[in-house]
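Could you build all of it, start to finish, from the sequences and the hints given here?
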Amino acid sequence: MTVTFTITPLGGRPAPREQDARHVADLRRLVRGRLTSWGLSHLADDAELIVSELLTNSLIHSGGTQVSLDVRIEDDRLRIEVGDGARRRPCAPAHPCDEAENGRGLEIVHFLVQARGGAWGLGPDGTHTWCTLAIGTGKGR
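Okay, so the sequence shown: first residue is 0 according to numbering that gives the first Met the number 0, each after it adds one.
In case anyone wonders, no lab produced these hints; they're calculated from the structure. Nothing here was measured: the structure is a model prediction, and the numbers come from that model. Be aware that one or more of the hints could be misleading.
Claimed, not checked - Here are the in silico distance ranges between beta carbons for each label pair:
no., residue 1, residue 2, range
1, GLY125, THR3, 34 to 42 Å
2, ARG71, ALA114, 16 to 24 Å
3, ALA133, LEU29, 18 to 26 Å
4, ALA20, ASP75, 19 to 27 Å
5, ALA20, ASP69, 18 to 26 Å
6, HIS60, ALA24, 16 to 24 Å
7, ILE72, ASP25, 19 to 27 Å
8, LEU48, ILE72, 31 to 39 Å
9, ILE107, GLY38, 19 to 27 Å
10, GLY32, THR3, 33 to 41 Å
11, ALA133, THR7, 16 to 24 Å
12, SER36, GLY62, 29 to 37 Å
13, ALA118, HIS60, 20 to 28 Å
14, ALA114, THR5, 14 to 22 Å
Idealized CB from N, CA, C, for every residue including glycine.
Shown next, in the form of structure tokens:
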């Protein structure tokens, strides 16, 4: 399943436009539905959160006008990949202070992926973030 959509760069605004944020919510639901149809509903909660974090990072940080989401099964793994055409490599995940209201997206992705026996990283040009989750039997976490 691959979906590509157009976004409006932030251009100094503190948050994405409502229509862009709506794409994230729609794609979370789409991913949950697809995983259920594939018999992978045991991964739906984690995959939905990962998709939300990666897409939101693209909306906020890429500066681009297109975002893509690809979700597929590769061997015994679920692969999630978000591309945004960013012209610069993303910074390493920061460790926000306890009072911060944001800045934990990639830490959340790291934790969920690790808990599901997967891996995550960046594509060679830095425009794609990907992760894999072990499909397993649903008995994981």
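The hints, checked one at a time:
1. Taking 34 to 42 Å as the suggested C-beta distance range, the pair GLY125 and THR3 does not conform, at roughly 18 Å.
2. Evaluation of the 16 to 24 Å hint for ARG71 and ALA114 yields a pass: the beta carbon distance comes to about 21 Å.
3. ALA133 and LEU29 have their C-beta atoms about 22 Å apart, which keeps the hinted 18 to 26 Å range intact.
4. A C-beta distance of roughly 33 Å is found between ALA20 and ASP75, which places it outside the suggested range of 19 to 27 Å.
5. With their beta carbons about 20 Å apart, ALA20 and ASP69 fall inside the hinted range of 18 to 26 Å.
6. For HIS60 and ALA24, the hinted distance range of 16 to 24 Å is satisfied, since their beta carbons lie about 19 Å from each other.
7. In this structure the supplied range 19 to 27 Å holds for ILE72 paired with ASP25, their Cβ-Cβ distance being about 22 Å.
8. Here the CB-CB span from LEU48 to ILE72 is close to 19 Å, at odds with the stated 31 to 39 Å.
9. Range check, ILE107 to GLY38: about 25 Å between beta-carbon atoms, so the 19 to 27 Å window is met.
10. Checked against the hint of 33 to 41 Å, the C-beta distance between GLY32 and THR3 comes to roughly 18 Å, which is inconsistent with it.
11. As the Cβ distance of ALA133 to THR7 is approximately 36 Å, the hint placing it in 16 to 24 Å is violated.
12. Range check, SER36 to GLY62: about 34 Å between beta-carbon atoms, so the 29 to 37 Å window is met.
13. Checking the proposed 20 to 28 Å range against ALA118 and HIS60 shows it holds: the Cβ atoms sit about 22 Å from each other.
14. The given range of 14 to 22 Å is broken by ALA114 and THR5, whose C-beta atoms sit roughly 33 Å from each other.
In this structure, the hints that do not hold are numbers 1, 4, 8, 10, 11, 14, in rising order.
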